[in-house]
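A.B. asks: Given chain A's structure and the hints, the job is docking chain B onto it.
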Amino acid sequence: MARRGQHSAVRRPVGLLALLVALASSAVFAVATGAVEVFIDATRGAIQKIPIAVYSFKSATPVPGQPPADVLKADLRRSLLFDVADLERFGIKAEVNSQPGPEALQKAGEAGLAVQVWGTVAPRGSEIVMEGTLFESSRGEVGRKRYVGSAEVVRHMVHRLADEIVFHYTGEQGIARSQIAFVSERDGAKELFVMDYDGYNRRRLTFDASLDLAPAWSPDRRRLAFVSYRKGDDPRIEELDLITGARRTLVAFPGLNITPDWSPNGEELAFATTKDGNSEIYKVDKYGKRFERLTDHGAADLAPTWSPTGRELAFTSDRGGTPQIFLMSADGTNVRPLTYRDQQGGYNTAAAWSPKGDWIAYVCRDERRILKLCLISPDGQQWRQLTTGNSNDESPSWSADGRHIAFSSTRNGRRDIYMINTDGTGLERLTTGGTSNEDPAWSGP
Amino acid sequence: MRSLTGQTRYVMMAAMFVLVGVLALGGCAKKNVMSSTEGAGKTQAGTTEGGPSGSGGSLGESGSAPLQGFSKSPPEEAVKAPTPPMVAKADQGEIAARQAREAAQRRLTDIYFAYDKWALSSEGMKNLAQNAELLKQNPAVKILIEGHCDERGSREYNMVLGEKRAQETRRYLESLGVKNPVTVTSYGKERPVCTEPDESCYGKNRRAHLVLEGER
Numbered sequence: 001m002a003r004r005g006q007h008s009a010v011r012r013p014v015g016l017l018a019l020l021v022a023l024a025s026s027a028v029f030a031v032a033t034g035a036v037e038v039f040i041d042a043t044r045g046a047i048q049k050i051p052i053a054v055y056s057f058k059s060a061t062p063v064p065g066q067p068p069a070d071v072l073k074a075d076l077r078r079s080l081l082f083d084v085a086d087l088e089r090f091g092i093k094a095e096v097n098s099q100p101g102p103e104a105l106q107k108a109g110e111a112g113l114a115v116q117v118w119g120t121v122a123p124r125g126s127e128i129v130m131e132g133t134l135f136e137s138s139r140g141e142v143g144r145k146r147y148v149g150s151a152e153v154v155r156h157m158v159h160r161l162a163d164e165i166v167f168h169y170t171g172e173q174g175i176a177r178s179q180i181a182f183v184s185e186r187d188g189a190k191e192l193f194v195m196d197y198d199g200y201n202r203r204r205l206t207f208d209a210s211l212d213l214a215p216a217w218s219p220d221r222r223r224l225a226f227v228s229y230r231k232g233d234d235p236r237i238e239e240l241d242l243i244t245g246a247r248r249t250l251v252a253f254p255g256l257n258i259t260p261d262w263s264p265n266g267e268e269l270a271f272a273t274t275k276d277g278n279s280e281i282y283k284v285d286k287y288g289k290r291f292e293r294l295t296d297h298g299a300a301d302l303a304p305t306w307s308p309t310g311r312e313l314a315f316t317s318d319r320g321g322t323p324q325i326f327l328m329s330a331d332g333t334n335v336r337p338l339t340y341r342d343q344q345g346g347y348n349t350a351a352a353w354s355p356k357g358d359w360i361a362y363v364c365r366d367e368r369r370i371l372k373l374c375l376i377s378p379d380g381q382q383w384r385q386l387t388t389g390n391s392n393d394e395s396p397s398w399s400a401d402g403r404h405i406a407f408s409s410t411r412n413g414r415r416d417i418y419m420i421n422t423d424g425t426g427l428e429r430l431t432t433g434g435t436s437n438e439d440p441a442w443s444g445p
Numbered sequence: 001m002r003s004l005t006g007q008t009r010y011v012m013m014a015a016m017f018v019l020v021g022v023l024a025l026g027g028c029a030k031k032n033v034m035s036s037t038e039g040a041g042k043t044q045a046g047t048t049e050g051g052p053s054g055s056g057g058s059l060g061e062s063g064s065a066p067l068q069g070f071s072k073s074p075p076e077e078a079v080k081a082p083t084p085p086m087v088a089k090a091d092q093g094e095i096a097a098r099q100a101r102e103a104a105q106r107r108l109t110d111i112y113f114a115y116d117k118w119a120l121s122s123e124g125m126k127n128l129a130q131n132a133e134l135l136k137q138n139p140a141v142k143i144l145i146e147g148h149c150d151e152r153g154s155r156e157y158n159m160v161l162g163e164k165r166a167q168e169t170r171r172y173l174e175s176l177g178v179k180n181p182v183t184v185t186s187y188g189k190e191r192p193v194c195t196e197p198d199e200s201c202y203g204k205n206r207r208a209h210l211v212l213e214g215e216r
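In order, the protein sequence lines correspond to chains A and B. Numbering of the first sequence is given in our numbering, commencing with residue 1 and proceeding in unit increments. Numbering of the second sequence is given in our numbering, commencing with residue 1 and proceeding in unit increments.
Source of the hints: derived by calculation from the structure; they are not laboratory data. Just so we're clear, the structure is a prediction, and the values are computed from it rather than from any experiment. Virtual Cβ for every residue (Gly too), placed ideally from N, Cα, C.
With the Cβ distance kept under 7 angstroms, some of the chain B side facing chain A (calculated, not the full set):
| # | residue |
| --- | --- |
| 1 | 67 |
| 2 | 70 |
| 3 | 71 |
| 4 | 79 |
| 5 | 81 |
| 6 | 90 |
| 7 | 156 |
| 8 | 160 |
| 9 | 185 |
Here are the simulated lysine to aspartate or glutamate pairs, EDC-like style, with alpha carbons at most 16 angstroms apart:
| # | chain 1 | residue 1 | chain 2 | residue 2 |
| --- | --- | --- | --- | --- |
| 10 | B | 142 | A | 233 |
| 11 | A | 231 | B | 91 |
| 12 | A | 93 | A | 103 |
| 13 | B | 89 | A | 241 |
| 14 | B | 72 | A | 141 |
One chain only, chain A, in its complex shape (with noise of 0.2 angstroms):
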């Protein structure tokens, strides 16, 4: 279910300081001064976005799938920091021969756009170069980058240089590397797949002809806790090290062993499990050695979240009556309400905290009894809806910079998987194979 993103811890937004200089003193000066909300208010939806020009990538040799500038241009807007132009709108053409010359470069600062980005793709040997430069409309070029690799990973080359562009002006990784993991039946059974943050790419991982269920990463990305039942009856919490493929049962008491959650350091999972008749929130070591119990109550106590800072906990309790949201220390104490059945309604589970530590994304059941996504903020002063219409909507899980949001969705007949920005636009759907898709856990940058 949900994971929490990790950042940089090098924060260094030198990017957009020399933008502003540079702009300042020229005619897109208003530009200029919506930029620096960018910077303030990136996670709040009502932003002035950077206008950026991307043209087309001068290919000396066929790439296979979706041109790069389509991709790149993609991974922008997903950003939500970038405004990607229409060029043709401004009579600029998208097309250029390895690079725009002068008169567009002109052409398109004049029309306000601050930033412009072209690249060339070139075979060498059996494998592929790729070059991207990065330009302000009145400073000239910043810079470039050079990637090289198999034909196959053009396609990441350029996620590599969308996140390089989002980390210049913001100092954050940027979410085009991020990957998704996810639940698909298939034949009747539910394996774990993992695919990329926009749906494309999609590896199978499991083989178990069973129930794989709810991973979540651990924040260096290189293991899935997840919830199997492929030895019998009892579902048991297993981690599999996506480097060496090597699989090991970490948590395995008799009765249920579910919803595991990884700390933002990695060092500690937090998961829920009937072993002393119903279901209580415990939390392991790394090593699947040292166990604490966290909570202590006659009613069920699952689904735990870990705030981004791993000093608290949102989970889900019916001891009220009907599932709802509460909040407590790393170390079980300090419990309290964070959703009320008058005021949230009778039916809220499955929290994730954002990674900025901002809000509380669950799962609400309207008056209909369908699933939604709802959003509150850990003070519980801010509530929303997330989600509208006639689906169930599930399992949300936050992208790294706190701007999005996967979730499963019946919203077309069959349950797939979706993103959605946390301000309610930019819906897509990442997922088609199979026969139905959820439960998805995007990765930390």
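C.D. replies: Quick look at chain B alone, frame taken from chain A:
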């Protein structure tokens, strides 16, 4: 400008920026810069504990190699496919054993529950009472009780709701004097018998499923 180091240049630019900000925007721009710095601190605080280990190369260089920034003469960066070459291999023996075991299981009548509820209905109790007689005559038979739910609860909470239904069923059988070995589990809403989104189907999925194992 060209002779200055990058760092010096940025310091100069920062100074220029503040100047421009003060001149053009008054205190407003300056305040924005300050709040953005606070934002940066907050982000860092949330992540220092779990900084990237650097070994997360499972998903390829593209996923894990640190970003290096733009450069006028960029070094070449190798990008690898983020496909983990290793997947968890199927354990055919384990799958065969599980399937053989399931094939040898016998099933009793399912016990149905009301929406969101785990209390037994009077009809459920009647059915269990009939089963109890059969079980008491075969005390060595093992009973597995699986709790199931309809799709209108969240997948996480339905796990424990199914478990509550199974436990309630076990308690009632025991109250009737059944002493057979009983194990209880839950599949939440992961194994529906029916997938149409209507009440007749939901009702069939809200069930305790009793499975018998061993000699009759």
